[in-house]
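K.L.:
So the chains spell out like this:
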Amino acid sequence: MDDYVLIDRLQFTLTVTFHYLFPILTMGLALFVAYAKSVAYLGRPGRRLRLLRRTAAEREHHEALARFWAKIFAVNFAFGVVTGIPLEFQFGTNWAAFSNYAGGVIGTTLAMEGMFAFFAESVFVGIFLFASGRVSPRLHWMSALMVFAGSWLSAWFIVATNAWMQHPVGYTGSGGNVEMESFWALMTNPWLPWQYLHTVVGAATTGAFVIAALGAFYLLMDRHGEIAKASLRIGVVAALILTLLQIFPTGDRSAHAVAVRQPPAFAAMEGMFESQEGAPLVIIGNPDTEQRRLESVVEMPKLLSFLTSQRWNQRLTGLDDIPEDRWPDSVALVYYAYHIMVGLGTLLLVVAAAAAVLLWRGGLYSSRPMLWTLMLAWPFTYIANIAGWITAETGRQPWVAYGLLRTQNGASPVTSVPAGTAVFTLLGFAGLYVLLGILFVLFMVRIVSRGPDDRTLATAGSR
Amino acid sequence: VETLWFSFLAFMITMYVVLDGLDLGIGALHLLLARTDAERDEAAGAIGPIWNGNEVWLIAAGGVLFMIFPKVYAAAFSGLYLGLILALWLLVGRGLGLELRHQLDNPLWRQGCDAVFALSSAGLAFVFGVALGNVVRGVPLNRDGYFHLPLFDILNWYAVLIGVFGMTVLAMHGAGFLALRTTGALADRAGRWARALWWPSAALFVGLIAPTYEVRAGMFTNLRDHPWRLIFPLIAVTALAAAFALQRRGAWARAFVSTSLFIAGLLAAAAAGLYPRVLPAYENRPYSLTIDNGIAGETVLKTALIWWPLAVLLACSYFGFAYRMLFRAR
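Protein chains in written order, with this note's numbering: chain L, 1 to 463; chain A, 464 to 793.
Just chain L, with the same shape it has in the complex (with noise of 0.2 Å):
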């Protein structure tokens, strides 16, 4: 345990990992909040938007939902906020040679996500959530949408310092440290658009299986009914929709980018241990990094050549044309992160395309094997979400900015934070945040059993 490289990383894997648990449904529920919020808002008959009109039953259901969400959402966004601060300080205790080295470059993408999206975010989250009944139905839906933009926009500015690190643009120098040369060729990095849109498509699905599995549990409760209903549809068409757009064009377009700009983590995702033509796609089997081969394979013949390329035939660089100190340092790691995402993802769009064709089919409000379904996919959407960061982040390995700086020259000097302190931290984190996650899910619990009608307001001094 006195490797202080690996107990930076340790922490930072921790406090990543579990600070991302989050934002994701912050991100998810603030999409359909302003969604509920514009429908109930701009759904009245006189308004010109006609996709958004709506009887007002309706309307007020939508009203309700947006109301119930908040509550969860108010929750979430807090402990999203307590634990996203230590990420940004941990660049520079735990990383500070790399913070020396890329801070010429991404900080100026962290400072944007603080300046332009938290000031918004947190000043209109405040508003929304206190000022309910208490600011014109105008301004709430407004601060609605200006929560959703907030979320979404310092997602863009994280994933902008990402895709920096997943492919290094716009910047000169390479020996002591880079500096940004253009802005512009920041905001345009090739690697950034679908990263970006993989990632917040993600997070919407979570959002759309959540509201889906609440929908399904108080039908199956028998609670709420019209409520219910109301929150099962939005969330099933836009699990179809949002799993649709995961797997294509975002999903593809990723792992293209992948394998143009990064081969051995590629090679690695696939479990491509050998070069070759019409290189089959894999579907199950796992790695032996020790015997360089894959067991127990169930793989689909020369698609995977087919998918990178379009053509059956191409060749494909595997491992062993990859010097070894350039290979991920766990290629299994990587393998069934990706594939562990790439199934669940699979998985998750048949699910929702099932209960879309219930749902067209008028059958799916009764059919209880669904609900059941329904009720109990959300998790998978989540383990979905991180297991593609993991793939992200495992699969840039070894270097933390690809091409330029090794993880291992990156960290803290060891004389300024020495292992043994890592250690303590590493260990105060992980207990703070096994409490953290107890906290979480009771109040989740309690929130969920208390359903709709609870009329109690979501933020501090409102009682």
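Selected chain L positions facing chain A (Cβ under 7 Å, derived; list incomplete):
(1) 82
(2) 85
(3) 107
(4) 114
(5) 122
(6) 180
(7) 417
(8) 443
Hints in this document: simulated from the structure, not taken from any laboratory.
Ideal Cβ placement from N, Cα and C applies to all residues, glycine included.
For chain L, the structure is supplied; the task is to place chain A on it using the hints.
P.N.:
Chain A only, in chain L's frame:
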């Protein structure tokens, strides 16, 4: 341009201390000042919708520090490692204590949350003071631009004194805000606390001049050599005197402005005294990180000069809007 960015950063940190300082001050006094559950609810409600926005000034200032002075960011945060992580944990406790207390209608739960909220807030006010104290005193930077301070060296006598000073001033600041924002017995008690805390604040202010001279005489010669910079300590002194009079007249809105100006004047005086150093080494030692050797590249500075003022303008308009609404909704 470097000087401009030094001032912008000082401005953001000042905004943070003034705004979140009132949350921390109210938090630090939470258990002493608000006695009953209803009063504590009212006190928490006074900052409920704004604390998070206030905290964003810290995050944004951290981001701007990272962008403009990456070397300072890297050196300070790794060198003060345990102090920083402690502050992060306290921030978690403060935020959740405040946000979760109303989620369960159970007296024990609320008392627990109140205690976590109060202790974390007091701790934060102290830790931020300690951080400022260490920056003023200087740190043992080495040739590579790093240093290491073990926890008990972070808590050196001077930094601890500044920590206590910070806690006192922020408590006075917060109590004044509470007197303004609440009514009845709670407001009266908050007013009494604010008036009482004026005395130790003033005493520590005067008392800390000599120790500051002891650890960093350069600060005083720096101010003497550029007399216009004396305006900052002058603002602080005037504002402190004004706060005394206004607190006693019960003019809490203006008293709050005065304590805000007092804090701003102090921080600006410290910044002006340290300038051009951003993270100084110990007095008379080399390797200080300054606005020249710690700064980011030219493109960053120029690009940011375009978007940063716009972002600050936007942020300030959100804040103006939210605070106005809050005061109207009373």
